[in-house]
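Student: The lines below spell out each chain.
Protein chains: 2
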Amino acid sequence: MAAASPLPSINSALTRSSAKLSVAPPLSLSTASSASSSVGRPHLYPSSISSLSSGRIAALAPISARNPSRIPAVVDEVREMADSRVPTVVDVDLGSRSYPIYIGSGLLDEPDLLQRHVHGKSVLVVTNTTIAPLYLDKVIKALTYQNPKVTVESVILPDGEKYKNMETLMQVFDKAIECRMDRRCTFVALGGGVIGDMCGFAAASYLRGVNFIQIPTTLMAQVDSSVGGKTGVNHPLGKNMIGAFYQPQCVLVDTDTLNTLPERELASGIAEVVKYGLIRDAQFFEWQEKNMQSLLARDPSALAYAIKRSCENKAEVVSLDEKESGMRATLNLGHTFGHAIETAFGYGQWLHGEAVAAGTVMAVDMSHRLGWIDDTIVKRVFNILQQAKLPTQPPEMMTVEKFKSVMAVDKKVADGLLRLILLKGPLGCCVFTGEYDRKALDETLHAFCKN
Amino acid sequence: MAAASPLPSINSALTRSSAKLSVAPPLSLSTASSASSSVGRPHLYPSSISSLSSGRIAALAPISARNPSRIPAVVDEVREMADSRVPTVVDVDLGSRSYPIYIGSGLLDEPDLLQRHVHGKSVLVVTNTTIAPLYLDKVIKALTYQNPKVTVESVILPDGEKYKNMETLMQVFDKAIECRMDRRCTFVALGGGVIGDMCGFAAASYLRGVNFIQIPTTLMAQVDSSVGGKTGVNHPLGKNMIGAFYQPQCVLVDTDTLNTLPERELASGIAEVVKYGLIRDAQFFEWQEKNMQSLLARDPSALAYAIKRSCENKAEVVSLDEKESGMRATLNLGHTFGHAIETAFGYGQWLHGEAVAAGTVMAVDMSHRLGWIDDTIVKRVFNILQQAKLPTQPPEMMTVEKFKSVMAVDKKVADGLLRLILLKGPLGCCVFTGEYDRKALDETLHAFCKN
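Just so you know, the sequences run in chain order A and B. First residue of the first sequence: -8, per our numbering; consecutive thereafter. First residue of the second sequence: -8, per our numbering; consecutive thereafter.
The set of hints was computed from the structure by calculation and includes no laboratory data. A couple of the hints might just be wrong.
Label-pair distances were calculated between CB atoms; the ranges are [stated by the list, open to error]:
hint: 1; chain 1: B; residue 1: C170; chain 2: A; residue 2: N442; range: 53 to 61 angstroms
hint: 2; chain 1: A; residue 1: E169; chain 2: B; residue 2: K281; range: 45 to 53 angstroms
hint: 3; chain 1: A; residue 1: E169; chain 2: B; residue 2: T390; range: 18 to 26 angstroms
hint: 4; chain 1: B; residue 1: P253; chain 2: A; residue 2: E158; range: 30 to 38 angstroms
hint: 5; chain 1: B; residue 1: R289; chain 2: A; residue 2: T120; range: 54 to 62 angstroms
hint: 6; chain 1: B; residue 1: P149; chain 2: A; residue 2: P386; range: 39 to 47 angstroms
Glycine included, every Cβ here is placed at the ideal spot set by N, Cα and C.
Bound-form chain A, shown alone (with noise of 0.2 angstroms):
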């Protein structure tokens, strides 16, 4: 393997970009909104005022209002970006529990981007049959390069969304245990989201709690499921229901893994992407219309950047509402109806992004038989997700039933009511809402479903 930059050289050479954006006082569009929270009462994000868990009230402007001189800029950070392989580090803010996502090429190669977040002796690598092979040594000699004291054990688990259940999870408790893991020993999450949210949970409760490591190898796990600290495994009746908010002591991105990574995996990646975009990040979701060729060519620079602003935008998000009381709901466009798809059609059947991007086209959809949208925003979601060869729609087998049982156990359900994430308004602006005309809901549902 290469030698190991030394540290300082990649402390100084850090990029770093702040999560925190400047607040602006909210758009014209914005309407008057009480700062205290209620069931199916409407928050308009990002540019109403909200209220958070913290009882923090936040102001938020899309981000092309709060940065009038981003478009140029977007252009310069790429190439910044191309031209140099050192990580850019984007901080999630969360007091005692921040952390750092790295992200760069090469970064696997850097032993001490990981080991300075390894505490104790003892390390346990949680991976898959997929990722295994192909980046599971790299890790290993990254974390004992130059470290004799570490003991570096790993768990490989069969790859896919169906064997996110408890069952699989037992394994990564067994192997702790076995291997006689205190509480000083860390978890290191390599492979995709499914991996990430397994390994983070088995952290959160192993023990009551031991360090972890994210290193997300696909897009979707590197621009969302990495980051923010939700964990979990699925339940035969729900997704995600069992788990815990657990944050990362590090990210850490190596953009080369991409290079293995099957395209409908990337697809998948890019319908996160997209999200960010449509819930509040207009200028990214232009980016992303004219650069989308360049992402699916995997353009080094393109990834990089994508993936970089998508952290930005989740970091952010996540900083202010870590627990999901109201602003983080809205990372969940598309997820109401892609989670009840994911649900009944069989877990790994059809990857997350797949069904959140059906899920995205029938919120959309939702939207505007509203009224809250026009139908120029529609044809673009549609053309960006169909450009990337994601789907448009649900499968055949859903039914509008189907799709009403599973969404009756979302989450995000409050006291029997079921709350969505709409677009309203111009593009980058959405809702987070129970309060909404349920015929447009069933409309949907029957303009998607043969029956």
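Take the given structure of chain A and dock chain B to it, following the hints.
Tutor: Using the frame of chain A, we list chain B on its own:
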């Protein structure tokens, strides 16, 4: 059921007891100790300076030193509790996660106490086959009395430590999902320590965390396991290996539930009461020596006093060290030996307190071999446990090897070093340390095992 007293009258009648005790300078006994924590360095409790997770430094003297006038107060307090049937309140001070422990006779007939801590419209009572016929109806009545908006469901688990595992836990998730419980629901643990630990972990993990109330019905749960937020299940290779720190909304101790408690269970709880005396409250230990017959005869005022004083001790320790960075580990006196007995002998063969009693005798024996305590303490511990009809030695099947192999995966092992809670100095003082002569541990194991 009895009509509820109106809320204001309960409030005004609450006898509030602060778990925060004033901080006094260390006794002359104290050893000088640096503020930084390291594996193996002994922390002397309660009379030493200890380093806590929060970075705070606490100097704590034993309870008797902090309040020299405490002995007469004990008598007064017992009288006061015997005279009144209003709840005593012990506060667990954990910032935004603070909560009250209500202690009193007939509290399950006070719907307001429970209802004020229920959020949302749905409640899931988790109980077992022994407790359900005795108290489930009473609890459901208390939850629904003049409160038609609330729906109460229940899940009745098999009774016993051997069912404290992931498989049984899944029954709680199954029921919650089948009943479409949402994030605003409340889980209520009605039972002993096993039910409290499992229901608490279920509440911590269901939808990544829902409200949670403890109604402990055994002395063990009332004086120890229901307070402090330690939740979890066992693994075949170790006790409580999988779980979470998750605090309840309140703990409601109706001392009347002890009337139906089997004698063995009562004695099991007394083992934890004795523990508080030994590790930090010499006067409480002396009170127990004088009042053991009253406790065994279930004298209501003696039991209520023992519960209150135990909860005060536990609340104070938990407030200072919620996540067990140091001081909280002292609550595990006798537990490392005890957990080894429970795991190797088979979960449920002995009650938890029975194993802890034998483990306490072993820890005290080892402390004496190290020259850390004089033999009068050894004799007093032996006598009080024998008076309570608790085991004073491990079961015959326990070998030195069995102890060693299970203790190697104890949660208090750090980087391969087993840390133990041992008594040191006068009655009421202990240390949590990895710095002890291994020979003493070996001698103790050989003294208590046939091979």
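Student: Taking the hints in turn, state whether each one holds.
Tutor: Tested hints:
1. B:C170 / A:N442: 53 to 61 angstroms: violated (28 angstroms)
2. A:E169 / B:K281: 45 to 53 angstroms: At 48 angstroms between Cβs, range holds.
3. A:E169 / B:T390: 18 to 26 angstroms: holds (21 angstroms)
4. B:P253 / A:E158: 30 to 38 angstroms: Given range 30 to 38 angstroms: holds, Cβ gap about 35 angstroms.
5. B:R289 / A:T120: 54 to 62 angstroms: For T120 of chain A against R289 of chain B, whose Cβ atoms are near 59 angstroms apart, the range 54 to 62 angstroms holds.
6. B:P149 / A:P386: 39 to 47 angstroms: For P149 of chain B and P386 of chain A the Cβ distance comes to about 40 angstroms; the hint holds.
When each numbered hint is compared with the structure, a violation occurs for hint 1 only.
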